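Residue numbers (the numbering used here), protein chains in the order written: chain A, -19 to 333; chain B, -19 to 333; chain C, -19 to 333; chain D, -19 to 333.
Hints listed in this document are in silico derivations from the structure and should not be mistaken for laboratory results.
All figures in this text were calculated on a predicted structure; none of them were measured in a lab.
It is possible that some hints are incorrect.
Since the list can't tell identical chains apart, any single copy or any two copies may satisfy a pair.
Unchecked claim - Quick list of in silico lysine-lysine cross-link-like pairs, BS3-like style, CA-CA up to 25 Å: (1) Lys172 with Lys272; (2) Lys193 with Lys251; (3) Lys272 with Lys38; (4) Lys36 with Lys272; (5) Lys(-18) with Lys154; (6) Lys125 with Lys52; (7) Lys272 with Lys111; (8) Lys154 with Lys172.
4 protein chains.
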Amino acid sequence: MKSKNVAIVGASGYSGEVLVQLLLNHPHAELVAVTSRQNAGQPLAQVFPKFASHPKSKTLRFTDPNVDVLSKQTDVVFLALPHGVAAEFAVPLLAAGCVVIDLSADFRLKSAEVYKEFYAHDHPAPELLKKSVYGLPEFYREEIKKSLLIASPGCYPTSILLPTLPLLKAGLIKPAGIIADSMSGVSGAGRKAELDYLFVECNESVRPYGVPKHRHLSEIEEQLSFAAGTPVTIQFTPHLIPVNRGILTTLYLAPSEHFSAAAGAAKLAEKISACYQAAYANEPFVRLLEGKALPDTKNVVGTNVCEIAWRLDPRTGRLIVMSAEDNLVKGASGQAVQSMNILCGWPETSGLV
Amino acid sequence: MKSKNVAIVGASGYSGEVLVQLLLNHPHAELVAVTSRQNAGQPLAQVFPKFASHPKSKTLRFTDPNVDVLSKQTDVVFLALPHGVAAEFAVPLLAAGCVVIDLSADFRLKSAEVYKEFYAHDHPAPELLKKSVYGLPEFYREEIKKSLLIASPGCYPTSILLPTLPLLKAGLIKPAGIIADSMSGVSGAGRKAELDYLFVECNESVRPYGVPKHRHLSEIEEQLSFAAGTPVTIQFTPHLIPVNRGILTTLYLAPSEHFSAAAGAAKLAEKISACYQAAYANEPFVRLLEGKALPDTKNVVGTNVCEIAWRLDPRTGRLIVMSAEDNLVKGASGQAVQSMNILCGWPETSGLV
Amino acid sequence: MKSKNVAIVGASGYSGEVLVQLLLNHPHAELVAVTSRQNAGQPLAQVFPKFASHPKSKTLRFTDPNVDVLSKQTDVVFLALPHGVAAEFAVPLLAAGCVVIDLSADFRLKSAEVYKEFYAHDHPAPELLKKSVYGLPEFYREEIKKSLLIASPGCYPTSILLPTLPLLKAGLIKPAGIIADSMSGVSGAGRKAELDYLFVECNESVRPYGVPKHRHLSEIEEQLSFAAGTPVTIQFTPHLIPVNRGILTTLYLAPSEHFSAAAGAAKLAEKISACYQAAYANEPFVRLLEGKALPDTKNVVGTNVCEIAWRLDPRTGRLIVMSAEDNLVKGASGQAVQSMNILCGWPETSGLV
Amino acid sequence: MKSKNVAIVGASGYSGEVLVQLLLNHPHAELVAVTSRQNAGQPLAQVFPKFASHPKSKTLRFTDPNVDVLSKQTDVVFLALPHGVAAEFAVPLLAAGCVVIDLSADFRLKSAEVYKEFYAHDHPAPELLKKSVYGLPEFYREEIKKSLLIASPGCYPTSILLPTLPLLKAGLIKPAGIIADSMSGVSGAGRKAELDYLFVECNESVRPYGVPKHRHLSEIEEQLSFAAGTPVTIQFTPHLIPVNRGILTTLYLAPSEHFSAAAGAAKLAEKISACYQAAYANEPFVRLLEGKALPDTKNVVGTNVCEIAWRLDPRTGRLIVMSAEDNLVKGASGQAVQSMNILCGWPETSGLV
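One chain only, chain A, in its complex shape:
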């Protein structure tokens, strides 16, 4: 299989670190550049000592990001940058012929208006929104194969969309009234020196934030609306909990058909089970839990897997679906590598197991 040269722009944050790890050990991709303005000039292992034992670490040094250099060296460029900044690199890199896999929010939406509403500035490159593909492989695999610009999904959106999209597409749940309650590890806040994310401020603490209008709502609702064929508005509450990595999402959904303990529950359960089996039985990175098992982030951290379990509650008539993922892997860098594997024609699990 032909290998490709890849680069990471903005490699000194937490998702950058996981990208480095995955790409250093990837069987087909060759990591040839890592950039970081504040760490330019430093060897990779000075910023991330854990990579010091990797043979490639000797030759990799952070550089200032330079589009000309990058476009000559590389076939695929990962952008692990803040929104707004990512687009500034994506435009010239695409023009220079690179494939771009963007981990920011810049190309996840189809609507520049919604982008402005949620991100509070004009979209920096609205003409690219038509060309980008939402990099959720389980639903956009064919489009990813043909795309030059992948907008890799956010961490919360992945944990919400994977459990919800199959049910919505199958018409098994109502598009209205969806509630998503999520708990995230602190790496989700990024590697920024801010008081709020100090050890002592996060340890022995749990707190909600961004209530009621978190930015990730925009991409979640756009994708749900596409699936439902009708505009979908959801309730979403993120919470910060004292773990490094992991997101646990609990979803409250209304089945389209009425059921109760006495009637309909078994039949509905069969339909839901069949729907999830059809969607995910052959997916390498979605794990449907069986029996009494419920998702637990410790079973997925460090992997590209999203665990899903569900329960019908005949007392309330609701369907409860729970998911667990590693916010930095399936919720960010692992999923981006999965997209790369697809668009490069490599086995989808390359470097991910």
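Since chain A is already given, all that's left is putting chains B, C and D on it; use the hints.
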């Protein structure tokens, strides 16, 4: 103020430990006995080294629980026992003239049938259900004053009822469709040697459990039904997170009157604010957060305070209410002491600040 | 007992926060001012929501530190400032007649030369070094009573000096070759927005730092030298561990007299036990552990107690002494309040149990 | 390369879990059996949900350990059992022609007397002590190649021996007076349902244990004595800290030659550096840190690497050496796999990077 002799039956668990701490330092109560079958004979400080510097620790030694001895020594007995076992002590202690404050679930429900449904055995003393008072002082203060048997509320119920009851009583929210999503520290599981609660199994993990029918639903729904004047069924999902103490609950509620960003939101907000002010402005142990502040367990752990904040979401028409408490204090032992203060005629905050 | 007005300069850090907590609840001290340059103008409860339920929190607001205002308002001023800055306030406050209790390193040493060697700048007020008293009450109680300037000890020094000084004074250990190995919670690093102290950087991590010449060595060695009557140089290695609060120190000491399993061990053990009993049996804040018990930070966090245990090792001829304290209480703010109690003539345990 | 069939006896503990992970993904070893008395009959993924996505997990099921079955199926058997029990399996498995890699302490010592002194029972198979090889590849690589019984080192011993052995062999440090101070994550205590290792008992806590005579001393001292050519007795204090995985060891050593800031330090530093370079520059799993870097467990957890850094202290004349490893990988299962790679003639890093 006349002091009283108090005892704790089942003092070697986590809520027992907090009871010991509160009662050792209480200005009016004299802790005269602590019992524990497995620790009988051991000095208090051997089981809980942190109390070794307290002057009273020298004379306190765990004993086997004995109703005759307890009833002679003490005016008030706290039961920190598993459900089912608590009733076995409550009956003879009450008969012997003691006031009983029970931290178990045995006397929280008015219905013996519901008890059986949720606890899977016949109620051991159904005749006492009429006499017991649900020990949530903010709503049953007058009844507590006159009662000899207090059923101190569960930790999750306290975190759900305090934010919900005022709104339901005022008719500001619909009784149907309530969802409560809670995250609890591991002390909530008790001090039991079980694999599931080992450090390595809980650390770097978050997981739901008891979905969809947790036992605490029974008392939550009974109290909500009393407040609404109509049967209330709710959705409740508890999660285990890696902190020692603290519960954060996020509630999804439907306001009785429609509102949107354009219309009605400001007026509804005023009503909710007024409702909470009327209920809690003078309550020493409920803190209504203002401005941008949201609850955080680290601000309440070690105190008897429950923090509450709320947001109207004009996008969904919902009211989101969030609460934070220490599951072992306001969610258990602190609230039990608050009830003791009330029924003994002492200032309600005695020994709690 | 006559109460006194007290102020805290630099009250927005972690030791400032604990000082606020202790002084808000102190029976004889009245907290009348809290200063902080970056938080000036904000109510106390905005910076520390946990104090919002305290009655005094309504009237306390952070101010810019102003010596004139402070000296008119207050009898005792606590300085919770970085070294170098503390002296700038201490000089005029003392001149204005205030008692100053300084939690920084500025007045802990008697030698301005050693200060310069370890803190890398000239001492800002060397003339005050003669007047200051090292605020370790167990050893300087009489001097504290008469002093106007207390230099409250550092957290590591307290955990090392309390176990070592009695043995050294009694001649039971050799002054040479002492090794102190300490583990500290992250609050010891202060409330500063730095990458190194982010949750994700500290959680699931343990690391040494400041090897081999940590600044605290200067005051530790000065105090040990005073006790030994000869210059003492020690080995000290601090480690950062993922807890909020607590220091555990393990000391490796050489008994002055030889012993072995066969001979001398029992007699030496008696002498050590008698030495510690003489030093600490009546001290309210030192707890000598008995039997098989070993120190554990969880038994002292939130208290002003230092736990001590020791073992003779006949295999190596060494004495191992272990201590545990809360770095923010006995290691900082609690000890400072203890000194205040002593110099104000109040019971030494006031506000500390 | 010819693959081999391997089995794990006692696979349901924490080192068993890591062995499963490493062997499931090993390029040359085929994991054909996992045994566990309490989990016999359960599929692998029921006990360890994290392996559910691995293709081999479908066919692996825990069985009762049976020597006949194991010896027919497998070439190499890993024993992850308590000491005493391990020998019961090793004897018949060796007799049946299997290679045995034992992670317990049963075959680490050459002296059955020392075994009895430290483990409090007669050695169950003293005749095998001559045949076993201490599985520390950096020092016994040639012996491992020819051995049928590998005694894989303990976690603490590995963290102490790797930094110490080269210096001792080179005569750069004195054999007397060595002190090792270690901090370990809770997985080191094993997967046992005991109160002491509950989340709430370990979180926000640090405590020493096993002072002054921990069992691991026996193998540490035996290996140090072999290297020094003279009996060596050391001081060793383990501490339990709230992390899942990782050991940080700080060693206090006495250089053989005197040095001071003024004289000899630079020359001695060169010798130490040269010694470590000679020992480890080409070792894939020992990382010598450079410049200001100090070991941090978070840089080695999940890898088979041991980080080492050192400092000369001219104030005390001591050499401080610090190491970090993952107690379950380089300290247990990873090192065992490293030995397997060596004895099977596979690249030593197979399945370990």
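Intra- versus inter-subunit Cα pairing at 25 Å for Lys172 with Lys272: Between copies only: 22 Å across, 39 Å inside.
Alpha-carbon proximity between Lys154 and Lys172, which holds within one copy, between copies, both or neither at 25 Å: neither (39 Å within a copy, 42 Å between copies)
Within, between, both or neither: Lys272, Lys38 at alpha-carbon 25 Å: between (48 Å within a copy, 18 Å between copies)
25 Å Cα threshold - placement of Lys251 relative to Lys193: between (33 Å within a copy, 22 Å between copies)
Up to 25 Å CA-CA - Lys52 versus Lys125, copy category: Within one copy, since 23 Å is at most 25 Å while 48 Å is not.
Within, between, both or neither, where Lys(-18) and Lys154 count as close if Cα-Cα is 25 Å or less: neither (46 Å within a copy, 56 Å between copies)
Intra- versus inter-copy proximity for Lys272 and Lys36 (alpha-carbon distance at most 25 Å): For Lys36 and Lys272, the Cα distance is within 25 Å only across copies (22 Å; inside one copy 44 Å).
Intra/inter-copy verdict for Lys272 and Lys111 if alpha-carbon distance must be at most 25 Å: Neither way: Lys272 and Lys111 sit 43 Å apart in one copy and 39 Å across, limit 25 Å.
In summary, the structure is inconsistent with hints 5, 7 and 8 from the numbered list given earlier, while agreeing with the others.
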